Amino acid sequence: MSADRFPVEASHILMFARAVGDPNPVYADAEAAAGSEAGGIIAPPTFAQASAQFDPDYPLRPKFGEVWFGSGSMASGRMKAEKASGEGDGEKKAPSGGGLHAEQHFKYHRNMRPGDVLTASTKPGETWTKESRRAGLLTFSESITEYRDQDGELVVTARGIGVRTEKVISQD
Amino acid sequence: MALSAADIEVGQTFSQVVVDDLTRTQIVQYAGASGDYNPIHSDEPFAKEVAGYPTVFAHGMLTMGLTGKLVTDTVGDGTLTDYGVRFVNQVWPGDTLTATAEVTAVNTDDNLVELSVATVNQDGTTVLTGTATARLA
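Chain order of the listed sequences is A and B. For the first sequence, the positions run 1 to 172 when the numbering used here is used. For the second sequence, the positions run 173 to 309 when the numbering used here is used.
In case anyone wonders, no lab produced these hints; they're calculated from the structure. Accuracy of the hints is not assured; some may be wrong.
Stated by the list, open to error - Derived pair list, reagent style DSS-like, types lysine-lysine, alpha-carbon separation capped at 30 Å:
| id | chain 1 | residue 1 | chain 2 | residue 2 |
| --- | --- | --- | --- | --- |
| 1 | B | Lys-220 | A | Lys-123 |
| 2 | B | Lys-220 | A | Lys-83 |
| 3 | A | Lys-63 | A | Lys-80 |
| 4 | A | Lys-83 | A | Lys-123 |
| 5 | A | Lys-80 | A | Lys-167 |
| 6 | A | Lys-107 | A | Lys-123 |
| 7 | A | Lys-63 | B | Lys-220 |
| 8 | A | Lys-167 | A | Lys-83 |
| 9 | B | Lys-220 | A | Lys-107 |
| 10 | A | Lys-130 | A | Lys-107 |
| 11 | A | Lys-63 | A | Lys-123 |
| 12 | B | Lys-220 | A | Lys-80 |
| 13 | A | Lys-63 | A | Lys-167 |
What you are looking at is a predicted structure, and each value in this text was computed from that prediction instead of being measured.
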């Protein structure tokens, strides 16, 4: 997740807190938050992940003029595109979004607050494999994202681990 | 309020239901707020016919966010120094999740409390495990 400009805004924090089911006024009510220990609105602990909104290349967001792999008239836009170009019959499985999220770790250097304009810079970490009974060979890859403020100071360090499975995870 | 060392001891637990009967709409709400629109989380034809799952399932980060409510309700607002989790099982529409935090260390020298965190579904299956560290008052 990389972004040259991740503006932290109160309305985005409000929507994010709603989505994770947290009615705490410290995320939503400027007046109540000002009188709290936090001294004003802060972002919830996992909010850094919403920097995806500001990553121009983030692959899990539909983009203008590009084929989206989710469903429309067919179960995947890629199936439709392949059929239209004569490369596929529209029946075979189109590539999925790929990986699943295995782990996520945040280190907080200070609270994110509305008005912060952060940068997010991601570098790859380690890669390893493991055999699993439910999903075949698992390939893990780590990435580390540093969120810094306008002064270049670290605000949050995020370490994510993604996993690609050889097959769909068995529900048995 | 931030916890103070005098209020807690190792082994103490805190628990709450963080979502009751998870709806597809809440998963969509999380997609919109987070920006992660992977259709596997919200698009039934894609999840079933292309990806091969029985239905859509929640973002791991939604489960981490839901569990984060228990963590911050326990340690106080804006006091976390670390929060990390493993996603150990998928979370499906209709799931009811209960998150539990247990105090594993009270470090009075550095004024920090360490917690282990686990979230289970209505069948008692663990969906998330993790740890959190927060500053004490």
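Ascending list of hint numbers which this structure does not respect: 1, 4 and 9
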